[in-house]
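Based on the hints, put chain B in the right spot on chain A.
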Amino acid sequence: MEWNCTLTEDRLSDYLDGTLSGEEAAAFEAHAATCAKCAKLVADVRGLVTQMQKLEPLAAPPMLVTRIVNATIGPQKQSAGWKNVLAWRPAVLQPRFALGLVTVAATILILMYTAGFTPTRWKHADLSPATVLRTANRQAHLTFAKSAKFVNDLRVVYEIQTRLQPETQPQSAPAVPQQNPSPANPQDRSQASPHPGHSQSRTGVMLASLM
Amino acid sequence: MEPDAQLVQDCLRGDGPSWEELVRRNARRVFNLCYRFTGNATDADDLSQEVFLRIYKTLPSYKASSGAFPTWLTSVTRNLLVDHYRRTRRDRLTDSIDDENAPQLEEKPSAGRSPDKIAEAGELSAQIQEGLAQLSPELREAVILRDLQGLEYAEIQAVLQVPEGTVKSRINRGRIELAKILGDMGLRPN
Numbered sequence: 000m001e002w003n004c005t006l007t008e009d010r011l012s013d014y015l016d017g018t019l020s021g022e023e024a025a026a027f028e029a030h031a032a033t034c035a036k037c038a039k040l041v042a043d044v045r046g047l048v049t050q051m052q053k054l055e056p057l058a059a060p061p062m063l064v065t066r067i068v069n070a071t072i073g074p075q076k077q078s079a080g081w082k083n084v085l086a087w088r089p090a091v092l093q094p095r096f097a098l099g100l101v102t103v104a105a106t107i108l109i110l111m112y113t114a115g116f117t118p119t120r121w122k123h124a125d126l127s128p129a130t131v132l133r134t135a136n137r138q139a140h141l142t143f144a145k146s147a148k149f150v151n152d153l154r155v156v157y158e159i160q161t162r163l164q165p166e167t168q169p170q171s172a173p174a175v176p177q178q179n180p181s182p183a184n185p186q187d188r189s190q191a192s193p194h195p196g197h198s199q200s201r202t203g204v205m206l207a208s209l210m
Numbered sequence: 000m001e002p003d004a005q006l007v008q009d010c011l012r013g014d015g016p017s018w019e020e021l022v023r024r025n026a027r028r029v030f031n032l033c034y035r036f037t038g039n040a041t042d043a044d045d046l047s048q049e050v051f052l053r054i055y056k057t058l059p060s061y062k063a064s065s066g067a068f069p070t071w072l073t074s075v076t077r078n079l080l081v082d083h084y085r086r087t088r089r090d091r092l093t094d095s096i097d098d099e100n101a102p103q104l105e106e107k108p109s110a111g112r113s114p115d116k117i118a119e120a121g122e123l124s125a126q127i128q129e130g131l132a133q134l135s136p137e138l139r140e141a142v143i144l145r146d147l148q149g150l151e152y153a154e155i156q157a158v159l160q161v162p163e164g165t166v167k168s169r170i171n172r173g174r175i176e177l178a179k180i181l182g183d184m185g186l187r188p189n
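Protein chains in written order, with numbering that gives the first Met the number 0: chain A, 0 to 210; chain B, 0 to 189.
Next comes chain A alone, as it looks inside the complex (with noise of 0.2 Å):
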């Protein structure tokens, strides 16, 4: 059977959609086989309708089906309101929404927290503007108090560390080496270098009573 480019694009969609007798598929199949230009154009159109069928249908508006329900019979009173908000869920779900509300919901937490409010141990009271307002107050007076007590005794320790830097460092550091070079065993390490070691420890003790 004689075929040609202009038969292949005549009859194309019959081939895709299975439509040609045996004998022109066949005929079909020879020429597009020979020919390069007929071959790309069946490849394409192929995948073309391919993915045209595949395509997810769009969402159509939320409030659509609201509004044209309310423009012919009225509003609906049965359940109308849940379904209003039923009809957001799907936009309010996508991860972007989703992370922001959770982002925000954890923001407000932690200022409550910092606020002195934990919502196991609420109270009916707990909501009067004048009980938010003494807690509030309360809790930033604690929180400076707070800083203020850590930054005094910061002060305190590095105080006492640069006043007893002067003491151990003379001793220490010349005094060793030629005493024992080179200590045979750790007993005499720790005897050659009692000063550093001590040093530290009475730091620790300071801090350990300043906490």
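No lab work stands behind these hints, which were simulated from the structure alone. Don't take every hint at face value.
What the hints assert, rightly or not - Listed next, with one range per pair, are the computed distances between beta-carbon atoms:
{"id": "1", "chain 1": "B", "residue 1": "Arg12", "chain 2": "A", "residue 2": "Cys4", "range": "54 to 64 Å"}
{"id": "2", "chain 1": "B", "residue 1": "Arg12", "chain 2": "A", "residue 2": "Lys36", "range": "54 to 64 Å"}
{"id": "3", "chain 1": "B", "residue 1": "Thr87", "chain 2": "A", "residue 2": "Glu28", "range": "36 to 46 Å"}
{"id": "4", "chain 1": "B", "residue 1": "Pro16", "chain 2": "A", "residue 2": "Glu8", "range": "33 to 43 Å"}
{"id": "5", "chain 1": "A", "residue 1": "Lys36", "chain 2": "B", "residue 2": "Asn78", "range": "37 to 47 Å"}
All residues carry an ideal CB built from backbone N, CA and C; glycine is no exception.
Okay, now just chain B, sitting in the frame of chain A:
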């Protein structure tokens, strides 16, 4: 009896929830048809609403014996889309004549990238949409009905009111032209 036909009968008896169910079942199909034809989500939204308003008014004229409800719904949608196309085409022509600096008359919807297209789920879907916008309305509607809406040839024939040979020819030419347009855009779907 098909489920939609039963709902239609309930609607004709004045049952509100049945109408709501009928709308809910078919809104996505109508919206997709409108969106694929116009390429604009806002227009598709407005047109979908208009389709159901017309369906609501003309529901008593629907006869289950003369065809399935989805085919009738598609037919009404297609008629509205054609009206919309003619209206917007006339507007575009008028705008172009008014504007002396217009380089040429725009016969087809813009193929440019709109926010709607960027927001669309897949890049392939957006590219196919761009390609469809460059097809003539006759070829575009035939390809959409066959390959995106999944209608059979006989159903498309009923919707378009043209002979089966014309339906097949339009689908075939539409597919080939679309494949060439997408090839020119550097896309080769496999």
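The hints, checked one at a time:
For arginine 12 of chain B and cysteine 4 of chain A, the hinted distance range of 54 to 64 Å is satisfied, since their beta carbons lie about 59 Å from each other. The beta-carbon spacing between arginine 12 of chain B and lysine 36 of chain A, approximately 60 Å, falls within the hinted interval of 54 to 64 Å. For the pair threonine 87 of chain B and glutamate 28 of chain A, the beta carbons lie near 44 Å from each other, so the given range of 36 to 46 Å is met. Restraint check, proline 16 of chain B to glutamate 8 of chain A: a C-beta distance of roughly 51 Å breaks the suggested window 33 to 43 Å.
A C-beta distance of roughly 39 Å is found between lysine 36 of chain A and asparagine 78 of chain B, which places it inside the suggested range of 37 to 47 Å.
The structure is inconsistent with hint 4 alone, although it conforms to all the rest.
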